[in-house]
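**Q** Top to bottom, those sequences are chains A and B. The first sequence begins at 172 in my numbering and counts up by one. The second sequence begins at 47 in my numbering and counts up by one.
One thing to keep in mind: the hints can contain errors.
Claimed, not checked - Some chain A residues close to chain B (C-beta under 8 Å, calculated; not the full set):
id, residue
1, M173
2, G183
3, S186
4, A199
5, L208
6, G215
7, G218
8, R221
9, S222
To be verified - Anything over 10 Å on all C-beta distances counts as not near chain A; from chain B, calculated:
id, residue
10, V50
11, A96
12, E101
13, G191
14, W411
No lab work stands behind these hints, which were simulated from the structure alone. Backbone N, C-alpha and C fix where the C-beta goes; we use that ideal spot for every residue, glycine too.
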Amino acid sequence: MMRIWLWPVLIGVLSMLGLIAGLVSEGAGDWLSWLALAAPVAIGLHGLSRSGARPLARGGNLTHAGPRRAGRS
Amino acid sequence: MQAVNLRRWGWVHKWSSLVSTLFILMLCLTGLPLIFSHEIDHLTGNEIEAPAMPEGTPRAAVDRVAAEAVKAYPGLVPLYFFAEEDAPDVWYVKLDTRVDTDESESTLILSDARTAEVLGAPNFDEGFMSVMYRLHVDLYAGLAGKLFLGFMGLLLMVAIVSGVVLYAPFMRKLRFGEVRQERTPRTRWLDLHNLLGIVTLVWALAVGFTGVINTWADLIFQAWQAEQVAALQAGETRVLLATDASDAPAADGSLQTAVDRVLAAAPDMAVSMIAYPGTLRATPEHVAVILRGDTPLTSRLTQALLVDPANGEVLEAGARPWYVTALQLSEPLHFGDYGGLPLKILWGLLDILTIVVLGSGLYLWIKRGTTEVRS
Numbered sequence: 172m173m174r175i176w177l178w179p180v181l182i183g184v185l186s187m188l189g190l191i192a193g194l195v196s197e198g199a200g201d202w203l204s205w206l207a208l209a210a211p212v213a214i215g216l217h218g219l220s221r222s223g224a225r226p227l228a229r230g231g232n233l234t235h236a237g238p239r240r241a242g243r244s
Numbered sequence: 047m048q049a050v051n052l053r054r055w056g057w058v059h060k061w062s063s064l065v066s067t068l069f070i071l072m073l074c075l076t077g078l079p080l081i082f083s084h085e086i087d088h089l090t091g092n093e094i095e096a097p098a099m100p101e102g103t104p105r106a107a108v109d110r111v112a113a114e115a116v117k118a119y120p121g122l123v124p125l126y127f128f129a130e131e132d133a134p135d136v137w138y139v140k141l142d143t144r145v146d147t148d149e150s151e152s153t154l155i156l157s158d159a160r161t162a163e164v165l166g167a168p169n170f171d172e173g174f175m176s177v178m179y180r181l182h183v184d185l186y187a188g189l190a191g192k193l194f195l196g197f198m199g200l201l202l203m204v205a206i207v208s209g210v211v212l213y214a215p216f217m218r219k220l221r222f223g224e225v226r227q228e229r230t231p232r233t234r235w236l237d238l239h240n241l242l243g244i245v246t247l248v249w250a251l252a253v254g255f256t257g258v259i260n261t262w263a264d265l266i267f268q269a270w271q272a273e274q275v276a277a278l279q280a281g282e283t284r285v286l287l288a289t290d291a292s293d294a295p296a297a298d299g300s301l302q303t304a305v306d307r308v309l310a311a312a313p314d315m316a317v318s319m320i321a322y323p324g325t326l327r328a329t330p331e332h333v334a335v336i337l338r339g340d341t342p343l344t345s346r347l348t349q350a351l352l353v354d355p356a357n358g359e360v361l362e363a364g365a366r367p368w369y370v371t372a373l374q375l376s377e378p379l380h381f382g383d384y385g386g387l388p389l390k391i392l393w394g395l396l397d398i399l400t401i402v403v404l405g406s407g408l409y410l411w412i413k414r415g416t417t418e419v420r421s
C-alpha cells in the first residue's frame, strides 16, 4: 500500500501547495507555486518521453513497437 | 480489492469517461489558447490601450464616461463599469438594450478613464479566440450550454475519482512511473495513462471542479441578488454611511458622487466594478459598488456595497455568502492567471498532459478487445 501511494501522495501534496501558494502570497508564493507545480509536469513529461510513445494527437503509428529500452522491472 | 468491487469501479470509470471524454477533450483543446488569451491579444495587436498622459491627470466623472458611451452606441444603456488592476486608466463599460437582459448579446467597450472618450470595442465576437471562448464556455447555447458543460465536468470528477480507485490494483506489480516497454502498445499506453492520470490528479480535480463552479456563475449572482434584495426589504442591513454624513460629498443623484461616498465609507479599498440599478449584481434601487482589497487574495475576494444614488446612503446587505466566496476563488484556480507567465506555462503543460490522459483512455477503450490476461 505504502509503496503504491507514496509518490502519488507526495505529488498531490506538492500540487496542492503549488495551487494555493500563488494565491495567498505574491513574490515568494509565486516562486513556491512554480516550483511545486513543476513537479507533476516534470514527472509527467519524463514518463511521456521515456515511454517512446508518441502523443495520439500527432497521429503516430500506435502499433509501432517504439524504441526498446532495457526493462526496468 | 474484491473482484466484484473492482468491476463496479471499472464500470463507473468506463461510462463516466466515455460520456464526457469528447467534451472534456474539446474543453482542454479550447482552454489551451484561452490560458494565454492576454498574451495572444497583446501579440496580435488586438489589445486596446489608453494613450499615455502625465501621471496624476484627473479622471473624468463616471457619469461622463457613461454619457459618451451611450452617445457612441445609441439605443443601448450602460450596465456595468469594470476596472482592471493592471489598466488603471481604462474603464470597461458593458452596454445592453436593457439592464435586465441575460447579457449574452451585450457590448463591451473600453473608455478612457481620464477623458471619457470611447477607445473602442475589443473584438470578442469574431475571430479564432472568440470561437475558442464560446466553445469553452457555453457551446453557443447560453445558460443551457454552460450547465451542460458543467455536468460534463462533474462526470470528469467521477471519472477521476474512480480512476484513482483503479490505480492501486493496476500498480500492484509495478514501480511508480514504470512504463512497460516489452509488452504490447496497449500495455504501454495503459501504464502511461495511469502515470499521467495520477500526476495530474490534483490539478485536474482543481481545474475541473472550479470550472464546474464557474458554469453556475449566473445562478450564483442571481441568488446573491435575491438575498441582498431580501435583506434590504427586511431591513437587515448595516448602514456604513448615513445620508447626512459630513465627511463625504453630499449626494446629488450622480453616479460619481455615489461611488465617492462608497469609497469614503470603505477606506483602503479600490473599485472593481460598478453595477447600475436593476442589473444582476445590484438591486432594483441601488447602485452596487464592488470593491477589492490590495493583496493577491483580497483582490479576488470582493466586497459589495450598495448605495442609493438619490440620498447617498451606503449599505452593506449582509456579508458575502459562502457560495460567492467559492465562485470568486474558483475563477483564478480555473484560469491559472495568478502567478505570471510561468504559472500559465505550467497550466498549459498540465493541460496537454491531461489531453494525453484523455486520448490514451479513449485508445484503451477502442483496443479493449485485446486486453491481456493480468497475472
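**Q** Can you list which hints this structure breaks, lowest number first?
**A** 1 and 4
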